[in-house]
Amino acid sequence: MLSRVADAIYWMSRYVERAENLARFIDVTHNMTPDLPPGASEPWGALISASGDQTFFEEKYGEPTRENVMHFLTFDADYPNSILSCVTAARENARCVREVISSEMWESLNQFYLSLRDAAGSGPLESPNEFFQHVKDSSHLFVGISLTTFSQGEAWHFARLGRVLERADKISRILDVKYFILLPNIQDVGTPVDDLQWSAVLRSVSGFEMYRKRHHGITPKRVVGFLVLDRLFPHAIMHCIDVANRSLHAISGSPEGTFWNIAEKRLGKLRSELAYLTVDEIIHTGLHEFLDSFQTKLNEAGDGIYQTFIAMEPEAHALE
Amino acid sequence: MSLSSSDENQSRFHFKNYDTGGFYDELIDEHGQPRPGAELLVRRIEELPNGELMHRQHMAERSLFRMGITFAVYGDEQGVEKIFPFDILPRIIAAEEWHRLERGLKQRIRALNLFIDDCYHDQNIIREGIVPRTLLESATSFRPQCVGLNPPHGIWCHVTGTDLVRDKDGTIYVLEDNLRCPSGVSYVLQNRFVMKRSFPWIFDASHVRPVVDYPGRLFGLLEHLAPENVQSPTIAVLTPGVFNSAYYEHSFLAQQMGVELVEGRDLVIRDGFVCMRTTKGFQRVDVIYRRIDDDFIDPKAFRQDSLLGVPGLMEVYRRGRVALANAPGTGLADDKVIYAYVEKIIKYYLNEEPILPNVPTYVCYNEEDRKYVLDNLDKLVVKAANESGGYGMLVGVHSTQDERNKFAQLIKENPRNYIAQPTLSLSRVPSIVDGEFAGRHVDLRPYILYGEDIFVLPGGLTRVALKKGSFVVSSSQGGGSKDTWVIASSPLEAKYLQSQVQQQRNE
Chain P
1005 MLSRVADAIY WMSRYVERAE NLARFIDVTH NMTPDLPPGA SEPWGALISA SGDQTFFEEK
1065 YGEPTRENVM HFLTFDADYP NSILSCVTAA RENARCVREV ISSEMWESLN QFYLSLRDAA
1125 GSGPLESPNE FFQHVKDSSH LFVGISLTTF SQGEAWHFAR LGRVLERADK ISRILDVKYF
1185 ILLPNIQDVG TPVDDLQWSA VLRSVSGFEM YRKRHHGITP KRVVGFLVLD RLFPHAIMHC
1245 IDVANRSLHA ISGSPEGTFW NIAEKRLGKL RSELAYLTVD EIIHTGLHEF LDSFQTKLNE
1305 AGDGIYQTFI AMEPEAHALE
Chain Y
2 MSLSSSDENQ SRFHFKNYDT GGFYDELIDE HGQPRPGAEL LVRRIEELPN GELMHRQHMA
62 ERSLFRMGIT FAVYGDEQGV EKIFPFDILP RIIAAEEWHR LERGLKQRIR ALNLFIDDCY
122 HDQNIIREGI VPRTLLESAT SFRPQCVGLN PPHGIWCHVT GTDLVRDKDG TIYVLEDNLR
182 CPSGVSYVLQ NRFVMKRSFP WIFDASHVRP VVDYPGRLFG LLEHLAPENV QSPTIAVLTP
242 GVFNSAYYEH SFLAQQMGVE LVEGRDLVIR DGFVCMRTTK GFQRVDVIYR RIDDDFIDPK
302 AFRQDSLLGV PGLMEVYRRG RVALANAPGT GLADDKVIYA YVEKIIKYYL NEEPILPNVP
362 TYVCYNEEDR KYVLDNLDKL VVKAANESGG YGMLVGVHST QDERNKFAQL IKENPRNYIA
422 QPTLSLSRVP SIVDGEFAGR HVDLRPYILY GEDIFVLPGG LTRVALKKGS FVVSSSQGGG
482 SKDTWVIASS PLEAKYLQSQ VQQQRNE
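If you read the sequences in order, they're chains P and Y.
Numbers in the numbering used here are just positions in the first sequence, counted from 1, shifted up by 1004.
Numbers in the numbering used here are just positions in the second sequence, counted from 1, shifted up by 1.
Certain hints may be false.
In silico DSS-like pairs for lysine-lysine, Cα to Cα no more than 25 angstroms straight-line [claimed, not checked]: (1) Y:K281 / P:K1269; (2) Y:K281 / P:K1273; (3) Y:K380 / Y:K413; (4) Y:K372 / Y:K407.
Covered stretches of chain Y, as calculated for chain P (at least 3 residues, CB under 8 angstroms) [to be verified]: (5) 60-71; (6) 250-258; (7) 261-268.
Because the hints were derived from the structure by calculation, they are not lab data.
Keep in mind that this is a model prediction, so the values were computed, not measured.
Built from N, CA and C at the ideal position, the CB exists for glycine as well.
Work the whole structure out from these sequences, hints included.
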């Protein structure tokens, strides 16, 4: 398929996933705030940290409050990673590949965009829960429609690749923020506040029930183990990297465990590292250090995908 | 009149009081009776319960919006998008009339194709003095780069969208030939799709001829152009990109044909072939349905500042290693002065009388015509030879003295560049305006495919000037569109045509 088309499909899918993750983060923060005791660390500021765009926010809004953070992350058209901007970008990418995706996919994404634009135009959200549920539902609908109407060839794999890489990145960010900012205070460890926050993290990746089934009691170590290393849960990093790896090999046709290009090499290496890691080793390294290094490697893999399939000088760049 | 009955009149549509206003109406004749083929539709609409027609109109609009068949409104920062206005009342063409139009269009395209081929080869028509040499040589759309080119099977104009208009007396004229990159066919298909949902059973009962096979036929045509040694050719639609106003159509056609949609930047010339950049490397492209004008298609051969095209494309084309539809150079026959000669062109190449007349045209290049034009500017429509979409035009009856003076000056300075035609009173079709029927002026653009044989899509795009009294149907100036129903001459023909479409789909 055309490199430009592959790129657009990859980003279409990434942006939808990004919007969905954002909706989950905001929704969970919104639900969690009433339960927090006075003086507990400010969750809205933490959300901005997780976005990675703190400077942008501070320049425009100053101190984070519930209202301005919600507006920033949801409807701010100037902020390229707001839900509205993500869905707009997803739709623009889809518009460039309308002839490749199914018309059902296009129509669902178009509806998604139109509903957001209407919501953005009608003032502050009356019912945030309902709204964020709508964003999640729309994303799920889009993914579901892709699954049932889109031939599972190269284009489909590029879409899946974009989705799971974006998801892996977001899980690592939310974990990092939880560890670094939500909990600067060692006395809080093991208290109801701590429990509440860890359940919030699980909920923000729709993982609360699945975690319960597997581990029952909430301990930070188990939650980290679950969200980083679980192979079966769709919002666990290991699962995402596994799926990404399979799609990458499906695209190039090379057998898994080998590599024909720089993208496969980098992602395959990352997958192996995760596959032979234990949660104790992660804690030993330090969760933040581990996540930091993971994000770097993930970005390198993303860059490898761009070099291999999109930048398009196939014969010029042989294997490293 | 009691209040309740006036309410009823407002929400219920009927043609009893419909005023054709002295124009030719495509649906209702001068006695207020439906024309042949329209009886069923008119009766059915009058039987609809209160509010139902408006309901269906709104449903149709919503459906177009949901499908994202919209265009961006420029200068609006909110990114407002609008649908191309669509009116649910169709334009109907009876079987016999259509047969005549179809024959006329085929005749015209056959002749124009021979003309273009002749102009880029022996120029017999010029040697014999039918078309003046200076006219050809001064046509800005004549491409010296195309002299001596031999497109596959000798076909230059593969896809044409001829503009037809009907005058007050019922005569249908050819207004423009549009042999370059005519757009609008996607609206024909989408309008039909929406209309089938709006009036499901009237379709079957009226024996409306199908249009759904257009993409399949276009694909067949493109396949037919592939270089001879290529077994299953790679076909691509070449678009200027997502910001082009016809992008939706480019994408729609590529999707419906199941071929690649490429931009100039996706293509490169390698080892003497056109290749596209794919995730698996460079892949050869054999046939390109290009929706970029000649000027921009290859900066090496035409405009050097073009960023849209593919450098070196023309050279590959010249060697027969890629096919282009339409062939570069076809725009020659779109020159409005050349247009004035089309009736002679038909007689010259085919030795036949033209079936469809041209609008009477005064060529300012001829002294006698020029004098008449300058004396009658207030009655005529003046057009520049190489403009389209209503640019470079003077509509005499609506013009000011200043505008007429300006055009008089322009004509005197460059008579070669101007033609003039009498003002036609375009025919009308009832349209929904402010909750009732009002006549609005229309034109018709049928689409013609020239491949192994010539195919005319039954119907075409009916564009409608939604502003009261306006003759300007173009979408940039308040125009909308309607579905166009060509009625099969008998139920048997309708069945036969349906089965043909079915058969083609199964292939």
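For each hint, the structure was consulted:
1. At roughly 17 angstroms between alpha-carbon atoms, Y:K281 and P:K1269 fall within 25 angstroms of each other, so this suggested pair holds.
2. Our distance criterion of 25 angstroms between C-alpha atoms is met by Y:K281 and P:K1273, whose separation comes to about 22 angstroms.
3. Our distance criterion of 25 angstroms between C-alpha atoms is met by Y:K380 and Y:K413, whose separation comes to about 18 angstroms.
4. Restraint check: the Cα-Cα separation between Y:K372 and Y:K407 comes to about 16 angstroms, which is no more than 25 angstroms; the hinted pair holds.
5. With 4 residues carrying a beta carbon less than 8 angstroms from a beta carbon of chain P, the stretch 60-71 of chain Y meets the three-residue requirement, and the given coverage holds.
6. Only residues whose C-beta sits within less than 8 angstroms of a C-beta in chain P count toward coverage, and the stretch 250-258 of chain Y has 4 of them, enough to reach three; the restraint holds.
7. Coverage of a stretch by a chain is defined here by at least three residues with a beta carbon nearer than 8 angstroms to that chain's beta carbons; for the stretch 261-268 of chain Y and chain P the count is 6, and the condition holds.
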